[in-house]
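Protein chains in written order, with this note's numbering: chain Z, 5 to 632; chain U, 5 to 632.
Treat the hints loosely; a few may be bogus.
Note that identical chains are pooled: a pair holds if it fits in a single copy or bridges any two copies.
Straight line, CA to CA, 30 Å or less: simulated DSS-like cross-link-like pairs of lysine-lysine [stated by the list, open to error]:
hint	residue 1	residue 2
1	Lys-422	Lys-162
2	Lys-162	Lys-580
3	Lys-15	Lys-26
4	Lys-346	Lys-580
5	Lys-119	Lys-399
6	Lys-580	Lys-15
7	Lys-118	Lys-580
8	Lys-324	Lys-427
9	Lys-422	Lys-26
10	Lys-26	Lys-118
11	Lys-580	Lys-324
These aren't lab readings, by the way, just hints derived from the structure by calculation.
These numbers come from a predicted model, not from an experiment.
Protein chains: 2
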Amino acid sequence: MADIPARTELKVTTGPIRGSRKIHVGPLGVKMREIHLEPSSGEPPLRVYDPSGPYTDPDARIDIMAGLPELRRAWIRDRGDVEEVQQREVRPEDNGQLGPDRSGGVQPFPNVRKKVLRARAGMNVSQMYYARRGIVTPEMEYVATRENLGREMAREYKRDGQDWGASIPDYVTPEFVRDEIARGRAIIPNNINHPESEPMAIGRNFLVKINANIGNSAVASDVAQEVDKLVWAIRWGADTVMDLSTGRNIHDTREWIIRNSPVPIGTVPIYQALEKVGGIAEDLTWEIFRDTLIEQAEQGVDYFTIHAGVRLPYVPLTAKRVTGIVSRGGSIMAKWCLAHHKESFLYERFDEITEIMKAYDIAYSLGDGLRPGSIADANDEAQFAELYTLGELTKRAWDQDVQVMIEGPGHVPMHKIKENMDKQLEACGEAPFYTLGPLTTDIAPGYDHITSGIGAAMIGWYGTAMLCYVTPKEHLGLPDRDDVKVGVVTYKLAAHAADLAKGHPAAKLRDDALSRARFEFRWRDQFNLSLDPDTAEQYHDQTLPAEGAKTAHFCSMCGPKFCSMKITQEVRDFAKLQEVGLLNSTGAHPEPVEGRALPVDEGMAAMSKRYNEGGRELYIGAGGREHD
Amino acid sequence: MADIPARTELKVTTGPIRGSRKIHVGPLGVKMREIHLEPSSGEPPLRVYDPSGPYTDPDARIDIMAGLPELRRAWIRDRGDVEEVQQREVRPEDNGQLGPDRSGGVQPFPNVRKKVLRARAGMNVSQMYYARRGIVTPEMEYVATRENLGREMAREYKRDGQDWGASIPDYVTPEFVRDEIARGRAIIPNNINHPESEPMAIGRNFLVKINANIGNSAVASDVAQEVDKLVWAIRWGADTVMDLSTGRNIHDTREWIIRNSPVPIGTVPIYQALEKVGGIAEDLTWEIFRDTLIEQAEQGVDYFTIHAGVRLPYVPLTAKRVTGIVSRGGSIMAKWCLAHHKESFLYERFDEITEIMKAYDIAYSLGDGLRPGSIADANDEAQFAELYTLGELTKRAWDQDVQVMIEGPGHVPMHKIKENMDKQLEACGEAPFYTLGPLTTDIAPGYDHITSGIGAAMIGWYGTAMLCYVTPKEHLGLPDRDDVKVGVVTYKLAAHAADLAKGHPAAKLRDDALSRARFEFRWRDQFNLSLDPDTAEQYHDQTLPAEGAKTAHFCSMCGPKFCSMKITQEVRDFAKLQEVGLLNSTGAHPEPVEGRALPVDEGMAAMSKRYNEGGRELYIGAGGREHD
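Using the sequences and the accompanying hints, generate a full structural model.
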C-alpha cells in the first residue's frame, strides 16, 4: 500500500462496534459506548468506557485529510495563558531527508497549522499547575464523568476487592481528579497543541489503562497503514498510542497520526534526534535533542519518554547481565555516555527539559532504559539504581508542576513482580507506573502477548496505572493489523481483570451482565458484551452456523438437549419451599468436612411429588459450563 | 472426515519437533527431548520434559491400528498381584447404539484385548498402596528420572523463588517420589490396563502439569479426529488428556484413544452412564454407574472424575447464583438429587467406588460440581461446602490407599485465587489440586485461554499441581486442531511461569538459554528453544523472509543497523577497567535517589581514548529489546 496520495485511497475502519451506539454524557458530552441487550433480558443498556473517538460514531464526519475536530481548543484559549507563535520551520532532516535522495518521502499532512500554541512567557499550562492552585479544569471534569461510568448503577454493589493500599473512591468527583493530579498520583496527558484529544486520566485510583505502539520502522514505512493502525487500536480499546517511528518520515508520519488521534500520543524523542545525526549515538548533542523536543511539542505530542535515568555510573552494572541493555533509548544513552565518558545530557539538562514541557503541558514518561530483557536480569541492581534516579527526577519535575509517569519492566518472573510495584510507589512518590507487561517467562516467542498479559494483569492489580501492550510478534517481527487487535484485546482483558481484583465499583457490572446473558443463552448479548464481539460470534458459528443457534436455548458445546435455566428454577423452588418451612433448612451454614443433615422425609416426599407433577424436564449441563 | 475405515486414511502428526531429538535416559529409558544449539553458542544441548511419546521418535514404528507398545506390562506382572480375567462383554448401549438405528457407529478398535488385568482377590495394586509399604516401584523411578531433568545442570544455580510452603527438593530421588505418593501429596495415574502409559507425577512438589480435553460430542463425532487431537495435544506438551466424549460411540472412541496414548487418560464416567439411560438424569442408578466404572476400568482409564461432593443439602446454596450450576457432572447429580430428594448415590456409595478403583489403580479426580461459572459466584458458600466434603472423601479414599486429586474452579477474580488454593490445601490434606483456569474475568469470550491462563499461572504458582487447559473456543464452540494447540501452548507457558516463580531448580535453564540465543541473534536457537518453534519462525519470516535474516545479527524490529553485542562488550570492557582500578568503582552499591559518584576524570579520559581507538562502532538497541 502506498503512502497517502489522495483522500479516496485512505482507509480507516469506521462505524459503531456491533450491538452498541455512541452516547454523549453530561454538559461536556463525554463520549461513551452503550451496549443494548435483548428485550427478554429486562436489563437496561450497559455503558462502557470508549476511547475510540468519532470513528465509531455514525453521526460524525471523518476526514483524515482535515483531522479531527478540536474538542479542547476553547478550553485552552479561555484560560488566557497561551499565545500563538509561528511554527518552527520543518527541515529535511526532520524527515530523514538529508542529501539528494528524497525517496520514501510521504505526503505532508495537508492541514498543518502554521500557528501553534505555547504558554505565555513565565506561564505554566500543565494540568498539575492548575490542580495545585485549586483550579478544576474542563479536562478534569471530563475525566470525572468518564471514570464514573456505571458507578451510579453500581451503587448497590458492595465493594469487593484487594486494592493494596490504593484509594479508589465510590464516586469520582472533579475535585477528586484535581486532588489526584495535584499530588502527582495521576496525570492527564494533553498537549495544548493536541486539542483533538479527549481527556483521560492515568493513575492508580482510576481504571487501569492500556497503551498500543505503532510507527514506521527502518524496514517498513507506510503512513496510511500507521493511521489505520491508530484508528484500529483505539477501536478495540487502546487508551493512548505511542508513535515509535524510526528511519525516515518521522515528522510527517507523526503529523498525520496526531491530527487524527482522539487519544494522547506519546513518543521517544531520542529516536528522531538520532536520525538527525545519521544514527551515530555519540554524535547526539543537547542542541539537537532540544530542537527535537520543540518540534514535537509544537506538533502536539502528549507525553515524552525520556531516558534520563540511564546514568554513566549505572552502565557497568549491566556488564554481567544475560541480555545487557535491551531498551533502545537506554542503549542509545549508554552508548553516548561510554563514548564521551560523560554523564547523560538528559540527566544534566533535566530541568531545562522540564522548562520546555511545562510550556505545552507535555507529561513525562520517564523511561526505564535499564529494564531487564530476560528473566535472569529481573530486579537487579542496574534496574533499581535507575528506578531510584527516576524517583529523584520525578520530584524535580514536580517542582515545576510538570506531570510524570514512570516506565517499568520488562521481563519479570511472577514472584518478583510485586517488588517492582512496591519499590516504584516508594521511590517515585506514587507517580503513575506504566509497565511493559512484564513477561513472566522467556520461552514463548509468538505468545508473548500472553506471557506478558499474565504479568500485566498482576502488576495492574498491584497498582500499575497503564499497561503497555505486547503483541504476538514481540521479539520476532513487526505487528500487523491483526497483531495490533490481539495485543489490544489481550491487554484490555488484563486491565479489566486488574480493575475487578482492585474492586473498582463498576468493573463487575459488565462481567455480571455477560454471565447472565451466557446463562440465559442470550447469545447475541453475550457476543455484544464481550471485548471482541466479531471473534466471539465467528467462533460460535464455526460450530453452529445456523441463525437459529443464536436464539436457541442450548450450548454449542453440549448440543440441543441442554437447559441450565430449568434446573436453576427447580433449585430456586426447592430453596423457597425450605424458607416457608415445608422442608427443614439445609442451606444455612455448612459444617466443614461433616456436611449436613438431609431434608426430613416428609419434605422429600412433598418435593418428589411436586417435582414429578412438574413434568421431570430433561436437564443436563449449563450454557456457561466448562468441561465437565 | 470419516471414521477410521483403513490404516491408510488415519493421519496423526509424527516426527521430531524441530531442532530436537528424542533421547532415552537411564536404565528405564525415560523419554526426553534434547534441543541442539548452534555450535557458535558453545552450549550443550538442552533437555526438556517431553510427554509426546513415540510419535516424535523417528525410530519408533507407529501403528494406530495396533496401539502403542506396552512399556509397563512387565512391571505390572512382576508384582504378582494381578490376575487376567475375561473382559466385560461390550454392549450396544456402551456406544449409545440402542434400538435399530446404528448410524454414526465407528469401527471398533481392531486390537482389543479380550483378557484384562485386575487385582487378585483382596489385593490392592495402587501406587499409594505400594508407597505406604515402602516399595519403590519402577513407575516411581521413572518419574524421578523424568522430573530430575536438567537438575544436574542446575546444581550451580542458587534457588530463586517463592514456593508458598511447598517442599521442592534440589534433587528428586525415587524415595522422594515414594514418600510424596505415600502421604497423598502426589499421584501417578496409571491403570494396570493402560500399560502403554509413561509414568508421570501430579503433585505440588513436582513440575506443574497440564491437561487437555478432547472427545466426541452430541454435535460432532469423528474418531480419527479425536485420535489426531490426542497425538497433537501431547506433541505440544499435554501431560494428561481427558476424553469427555458424549453422545454415541463413547466406548469405541475411548478404546482408540487409550490404546494409542502414552499419557494418562481421564474420563467422567457419569457422562457415559447418562447416555445409557437415554439422557434422563433421574433414571441413573448405582447399578448402571457401577457397571460403567468396570467397563472403563477394564479399558484402562487412569483417572475418574467423580462428582461425589454434590450433596443434596448443598444444591439450594446455588439458588441465588448468577450462573447456578455450570459443571455438567454437577448438574446431572443435582438433577438426580432433586428428582429423588435423596442424597447422591456417588456420596453414599463412595467406599464401594473406591473398592473398584483400587483393583485397577485408578486415581480419583474429585469433581467440583458446584464450582463458580462466573466472577459473581466465585468463592461462595456452595463452592466451599463442596470443597470440604471433597476433603472428607479424600481421607476416605486414602483409607483404602487409593490416589486422589481435587478439581478446582472455574471463574475467580485474581484477589480470590489464593483463598481457593489455601482452603484446598487445608481441607484436602495437600492432595494435588487440579484446576480449570481459573478465568479472571467473564468479558472476553474468544480469548478465554488468556483470561484463564492468567489465573492458571497464578494458582500454579500458589501450589496447584495440574492445570486443565482452556481453548479460545471456550463457552462458544468445539475446539479444532488449532484451538487445541493454542490452548496447550498457552497452558505450558502458564505452567512454566509457575515453575519459575516457585523456584523449581531447573526451570530457569530454558529461559536463560533462549535469552542468550535472543541476545546473540541466534535466531534458529531462539525458535527451537521456544514452546512453538514453527509459529516463532513463521512470525519472524513475515517481516524478514530471507534465509539470511536468520543468521544476520540484527533484530527484525530494528533493521540491519543494530548490534546489542557491541555495546555489551564495551560495557564489559569498561567494567573490567574499573575492577583493575583504572576507574574508581561505580558499580558497588547504589545510594537510592542520590545515584552515585562519577568516574574520576583520568578514568574518563582513559576510557574515551581507548573507546575512540576502538573505532566507535555504531550501536543502537538490542535483539531482545521491547518497544523503546
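Verification of the supplied hints:
no.: 1; hint: Lys-422 to Lys-162; result: both (27 Å within a copy, 21 Å between copies)
no.: 2; hint: Lys-162 to Lys-580; result: within (25 Å within a copy, 59 Å between copies)
no.: 3; hint: Lys-15 to Lys-26; result: within (21 Å within a copy, 50 Å between copies)
no.: 4; hint: Lys-346 to Lys-580; result: between (78 Å within a copy, 18 Å between copies)
no.: 5; hint: Lys-119 to Lys-399; result: neither (33 Å within a copy, 79 Å between copies)
no.: 6; hint: Lys-580 to Lys-15; result: neither (58 Å within a copy, 55 Å between copies)
no.: 7; hint: Lys-118 to Lys-580; result: neither (73 Å within a copy, 53 Å between copies)
no.: 8; hint: Lys-324 to Lys-427; result: within (23 Å within a copy, 42 Å between copies)
no.: 9; hint: Lys-422 to Lys-26; result: neither (38 Å within a copy, 39 Å between copies)
no.: 10; hint: Lys-26 to Lys-118; result: neither (33 Å within a copy, 67 Å between copies)
no.: 11; hint: Lys-580 to Lys-324; result: between (68 Å within a copy, 11 Å between copies)
Hint compliance for this structure: hints 5, 6, 7, 9, 10 are broken, all remaining hints hold.
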